[in-house]
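Chains as they are written, first to last, in the working numbering: chain A, 1 to 113; chain B, 114 to 224.
Heads up, some of the hints might be wrong.
Claimed, not checked - No farther apart than 20 angstroms at their CA atoms in a straight line, the calculated lysine to any residue pairs in the SDA-like style are these:
no.	chain 1	residue 1	chain 2	residue 2
1	B	K170	A	G99
2	A	K69	A	V54
3	A	K57	B	T139
4	B	K189	B	G128
5	B	K170	B	P205
6	A	K18	A	I77
7	A	K57	A	M27
8	A	K17	A	G99
9	A	K57	B	S140
10	B	K223	B	S196
11	A	K69	A	E79
12	A	K71	A	K18
13	B	K223	B	T139
14	A	K57	B	Q192
15	B	K189	B	F173
16	A	K18	A	V54
17	B	K194	B	Q132
18	B	K194	A	S106
19	A	K17	A	I77
20	A	K57	B	N116
21	A	K57	B	Q115
Bear in mind the hints are in silico, worked out from the structure with no lab data behind them.
Chain by chain, the residues:
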Amino acid sequence: EAQVTQNPRYLITVTGKKLTVTCSQNMNHEYMSWYRQDPGLGLRQIYYSMNVEVTDKGDVPEGYKVSRKEKRNFPLILESPSPNQTSLYFCASSLDRGGEKLFFGSGTQLSVL
Amino acid sequence: GQNIDQPTEMTATEGAIVQINCTYQTSGFNGLFWYQQHAGEAPTFLSYNVLDGLEEKGRFSSFLSRSKGYSYLLLKELQMKDSASYLCAAAPDTGGFKTIFGAGTRLFVKA
Numbered sequence: 001e002a003q004v005t006q007n008p009r010y011l012i013t014v015t016g017k018k019l020t021v022t023c024s025q026n027m028n029h030e031y032m033s034w035y036r037q038d039p040g041l042g043l044r045q046i047y048y049s050m051n052v053e054v055t056d057k058g059d060v061p062e063g064y065k066v067s068r069k070e071k072r073n074f075p076l077i078l079e080s081p082s083p084n085q086t087s088l089y090f091c092a093s094s095l096d097r098g099g100e101k102l103f104f105g106s107g108t109q110l111s112v113l
Numbered sequence: 114g115q116n117i118d119q120p121t122e123m124t125a126t127e128g129a130i131v132q133i134n135c136t137y138q139t140s141g142f143n144g145l146f147w148y149q150q151h152a153g154e155a156p157t158f159l160s161y162n163v164l165d166g167l168e169e170k171g172r173f174s175s176f177l178s179r180s181k182g183y184s185y186l187l188l189k190e191l192q193m194k195d196s197a198s199y200l201c202a203a204a205p206d207t208g209g210f211k212t213i214f215g216a217g218t219r220l221f222v223k224a
């Protein structure tokens, strides 16, 4: 089954404790991206990747890191989480062609205390 | 700048028709997407328009006017399960990497 697998589904942590949210897709998609979703603000792009070893900043990259060492995986790293990073996070992937829809992971609800 | 506007909330009655509007301003344009998102779940693809006109897909239809920077999603024969947020998204460039999302319209379907 074609899917984007994102873990964990829920995460509660404390300020400053490094964490990683994993994302993996099995569709051989070139493009992968991370979004955060906050009430009233919609989905905002954090980072994206066009292919292995090719990543770039989205609209809200501060406080986040990503890596793309394999085509299928695109982890999101928070080196020192802060309470303003409490949000619902989604990983997404698509083929790198115009008009290609995004496939989303099931989301990670992160709370930073 | 780049901006997508859609109403925050709408309420409609089961069995009725509802139209959710979206206006967009982007630097370049490669199509307009609509996604459905139930509370606490991931967005799922509904439709994609790149040419002007109406695209019909079952109970859902989507319209695009490129010259006006305007789109709408039309939901017919509303069902309770259609209660969800509907996200308008514009693709300013080829590929998905610069897709810009509106804040979403929360639709409440009442009996």
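Each hint tested on the structure:
Between the alpha carbons of B:K170 and A:G99 the distance comes to roughly 17 angstroms, so the proposed pair stays at or under 20 angstroms and holds. With a CA separation close to 9 angstroms, the supplied pair A:K69 and A:V54 stays within the 20 angstroms bound. A distance of roughly 18 angstroms separates the Cα atoms of A:K57 and B:T139; the hinted pair therefore holds under the 20 angstroms criterion. Simply put, B:K189 and B:G128 have alpha-carbon atoms about 7 angstroms apart, close enough for the 20 angstroms limit, and the pair holds.
At most 20 angstroms may separate the alpha-carbon atoms for a hinted pair to count; B:K170 and B:P205 exceed this at roughly 24 angstroms. Under the criterion of a C-alpha separation no larger than 20 angstroms, the hint pairing A:K18 with A:I77 is consistent with the structure, at around 8 angstroms. Using a Cα cut-off of 20 angstroms, the hinted pair A:K57 and A:M27 is violated, with the two alpha carbons roughly 23 angstroms apart. Straight-line distance between C-alpha atoms of A:K17 and A:G99 comes to about 39 angstroms, which puts the hinted pair past the 20 angstroms bound.
Between A:K57 and B:S140 the CA atoms are separated by roughly 18 angstroms; this keeps the pair inside 20 angstroms, and the hint holds. At roughly 9 angstroms between alpha-carbon atoms, B:K223 and B:S196 fall within 20 angstroms of each other, so this suggested pair holds. Restraint check for A:K69 and A:E79: satisfied, since their Cα atoms lie roughly 18 angstroms apart, inside the 20 angstroms limit. For a cut-off of 20 angstroms, the pair hint linking A:K71 to A:K18 is broken: about 24 angstroms separates their Cα positions.
Between B:K223 and B:T139, the direct Cα distance comes to roughly 35 angstroms. Violation of the 20 angstroms bound is thereby established for this hinted pair. A threshold of 20 angstroms between alpha carbons decides the hint, and for A:K57 with B:Q192 the separation of about 40 angstroms lies outside it, so the pair is violated. The suggested pairing of B:K189 with B:F173 holds, with an alpha-carbon distance near 6 angstroms, which does not exceed 20 angstroms. Simply put, A:K18 and A:V54 have alpha-carbon atoms about 23 angstroms apart, too far for the 20 angstroms limit, and the pair is violated.
Restraint check for B:K194 and B:Q132: satisfied, since their Cα atoms lie roughly 16 angstroms apart, inside the 20 angstroms limit. Our distance criterion of 20 angstroms between C-alpha atoms is met by B:K194 and A:S106, whose separation comes to about 19 angstroms. A distance of roughly 11 angstroms separates the Cα atoms of A:K17 and A:I77; the hinted pair therefore holds under the 20 angstroms criterion. Annotation: proposed proximity of A:K57 to B:N116 holds, straight-line Cα distance about 18 angstroms (limit 20 angstroms).
About 16 angstroms separates the Cα atoms of A:K57 and B:Q115, which keeps this hinted pair within 20 angstroms; it holds.
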